[in-house]
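Assemble chain P onto chain A, guided by the hints.
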Amino acid sequence: MPESSLVKDLCSSSVECRPSPLGQFSPSSVPLHKKHILATFCKEHNVQECMSHINQEVSSLGLPPLWTEPSSSPEVNVMAVLNCMYDLIQLHHRGLRTLENMEVEQLKYISNVDYQQLTCTQLKEQLELSKRENAGLLERERQLHLKVKSLQNCLKNEKDEVQKLQNVIASRASQYNHEMKRKEREFEKLKERLNQLLVDKKENKPAIDVLNHIGRADGKRSLWKTQKTEAKHEGEMYKTLLSDYDTRQREMLLENAELKKLLQQMEKEMNSILRSKKPMLKEDKCQDDGIQTDPEEEEQVVDSRKESVEHCVHAREKLTSSIRLQWRRIKSHVERLDSQAQMDANKTDDAASRETRVQQMNRLKPEIRQCKGFIQTQQQLLQQQLRPPCEEEAASLLSDCYMLQDEERFREEGKSVEEHKRFFEREKGDFTEAAIRLSHEKKAFEDDRAMWLKHHFLNLSPFADLKKPQMSKSKSCSLISKAESSDPSSPEKLNTCGSATTADLYDTLWLIPDKRSTKPKPTSVGEPSLLFNGSVSAPHNQGNDHEDNSIENTSST
Amino acid sequence: MLTKMNFSEVFKQSNQLCKVSPDGKYLATCVQYRLVVRDVSTLQILQLYTCLDQISHMDWSSDSLFILCAMYKRGLVQVWSIEQPDWHCKIDEGSIGLVSSRWSPDGRHILNATEFHLRVTVWTLCTKAVSYIKYPKACQKGIDFSRDGCYMALAERRDCKDYVSVFVCEDWHLLRHFETETQDLAGLEWSPNGCVLAVWDSCLEYKVLLYSLDGRLLSAYSAYDWSLGVKSVTWSPSSQFLAIGSYDEKVRILNHITWKKIAQFDHVASINSTKAVVYKEVEKRTAVCSDDLSLHNITIGSTLFNTQSKYEICPSPVQIPVVKPDPDRANPKIGVSSLAFSSDSRYLATKNDNMASVVWLWDMQKMSLVAVLEQTSAVRCFQWDPRRPRLALCTGNTKLYLWSPAGCVSVQVPTEGGLQVQSLSWHCSGDSLILLGKEQLCLCYMDQEDKSRLT
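Listed in order, the protein sequences are those of chains A and P.
With this note's numbering, you'll find the first sequence wraps up at 557, consecutive numbering, no jumps.
With this note's numbering, you'll find the second sequence wraps up at 455, consecutive numbering, no jumps.
Just chain A, with the same shape it has in the complex (with noise of 0.2 Å):
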């Protein structure tokens, strides 16, 4: 018996471990009405470890305990075992109890949690009643607000319109009380006036006082008024009318013709762009306008040709429907190869930008490369012109130096050239100077020659020997001793020397043989000069021919 050893052995370990013995058996797995396992707890073997089990157990449970343990006798107090039994009876029915309790607490709770539930949801459905309500209530006021504005608006647009009209009105008012004011001023004018001319009795009636009368603008006679005139002013007034309205259709016509014109033009045109186009718009055109539109198209072609002269409503009507049409027909296709190029170019955007990009590239390249040359050139030759007047300043400056030096060097011989000119002039005054005196000295000397001739003829007698001699001698020694002191002295000295010189010179010349130049002409001088007058080849003044002559006439007498 496999239990009953385990039984064993579980007892014999009771002492030191709590759980029951029956460790299988514990009373928690074990229903209360399997009596039958309980019963297989105790047997004869295991009795005092059933004891103690059993009073651990008691005193556990709060009771007194059965039996002491040092106590080994078998005899069981079977009086505490009653009690102990009816103790833990009564702890039963109270766990019975409260179990009992407990499940109709549970139950409670239960119904309670039920019914909050059922609260719970009922709540919420009536809270997404009231969201519901709550949105639809929001939506509604949004929309009054909107048409509270939109009212405002208008009431503002009202506004607005009552101000301009009261605007208006008042400038009409003003207007209306100004001419009012006007014409009620005239009235009182008027009404003074009148007043006036009541009183005033003399009224002075308008008249015109002309010359003469002049005749008429266009020189013809004035004429009566009669029916025939008026009907003639009437005729005049239609044709005036008349002729406007002509002028006025003649320039329609020509518009009309040049527009007509211009519509076969393009007409034509477009028929043209269309033909060249024809196979493209082909496929088209059955899904267009149908088959009939091409020769249609002819037609109308032919027709507006054939009634280009005729210019009647269904002419017209044909040339700018046939218009209308073709244009429809070529925008369309416009439209369709735009939005072909616009494919095409998407594909080959990148590629073509970059070819285009590459050769604007290549393009510029040798643009720039040409800018920079005229860049450098240019400043090359600004650099140039800036150079050049630099070094010509320099060499200006050069050049002002040796003229500077140039100048000076002329300037001085200028002024020695002038110095030379200044002196030649004095030279040449002094010589006509000394020419001058020569010529005096000449006179004189002829004079003194003269007179020495007469005192020689005269001296012939001893007495007149001794003064003129001594006169004349001692005059000579003063001309010699002049043009001894002048020799030393050199030719430029003039002023204190030239005379003498010529003087010397003269002298030399003509006064070898006697010097007796210089002396007093005598009063009375003698017929010897007439005798000597031809012999004598020296020049002589007319003055001293004169004096000769009168000498010789005071001598002749």
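If you are wondering where the hints come from, they were derived from the structure by calculation, not from laboratory data.
C-beta atoms are modelled at their ideal positions from N, C-alpha and C, and glycine is treated no differently.
Hints may be right or wrong, so weigh each one.
[Stated by the list, open to error] Computed list of lysine to any residue pairs in SDA-like fashion (alpha-carbon distance at most 25 Å, straight line): (1) K261/P <-> Q249/A; (2) K128/P <-> A207/A; (3) K134/P <-> N204/A; (4) K232/A <-> S131/P; (5) K280/P <-> R346/P; (6) K232/A <-> E251/A.
[What the hints assert, rightly or not] Footprint (simulated), chain A over chain P, 3 or more residues, beta carbon under 8 Å: (7) 204-217; (8) 220-232.
Structure of chain P alone, referenced to chain A:
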């Protein structure tokens, strides 16, 4: 290419009465009660006439043989002959008064409007006959003669209704008399071809009516209701367009075929157009050094204080100065008051009254703005050259401004004492300009080296 401009010396005139004869040979000016007739090229005085009172209005006859001088206060009109200075003619309106006086197109009749516009008297210089026209209307432009001088349109008002009478000028025969659908007719104008008469209502109602010569209503045009309406109307010289300037600062162009609006020109305060050139007059003050204030310099006078000015081209967008008019006053300074077509109908010059210093130029072929001229002060007068597309304008200072499609130029009028140019008018040949100051006038001769070229 610069046009040489020679300015004559300054002469006296009174009342801005200065007119060139229709044949372009003579210039007549009024100085108080004297009428001076000069030769246009030499400015020598050819004739001198003396009137009985200060001259209020003066005009040449169409054949340049006679001049009428009206003296409104005295109710007198004196007519002088150029050929025969001894000839005289005096029209005395007597107690009935005189408000306006004008020539008829044939130069032989004088139409006098009496005081209060009670009647229009037609005096003739050829015979002793006198004609009267009753109930003429006193309005902005109540009488107009057709360009060929055949017909006269006269506005009348009878029993609170407006009528138009068309007269044949030859013998003053009443051709047509019809009622117009206007509330208060303000003006009428013949088209240059003489076949259509434009009639417009006062500013309280925007209405322009077009009548044929025989009195049929061709069309009625109204741009809007209630706001103040038409301010100015003008025909293009080719009779193709009718330009209507209104108080809403817009110009509407009607075409002569359908009489419907084909274009509308707005005068906006901020110009964003890239095609239009905006010229702005910029003044540069000449510096005055204190050392130079010698007597000599001061006697040269206004040249010291004259400011040079030139045109600068402004890049878009350009803001135009706007002056808001007083809303309580009548005839507010707002709206297009001046319109003028160039002689070839290519350009239209307009002026908007609340942008008074700006002249707008519109191209009629492209129907768009071509140029804007912004001046430093309010533009007083502008007029097109009768021969070529050249506009002359003045702003009341000492400068003359010229615009042509080639460009724009500002010219200082070189006169001692400074002539403030108040108005100007072209000579019929387009070779010279008459500049009128307050009491002075000056002529500007232009040498056309290259036709219509201005830098």
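Query raised in the report: Which of the listed hints are not met by the structure?
Result: Checked against the structure, the only hint that fails is number 6, while the rest are satisfied.
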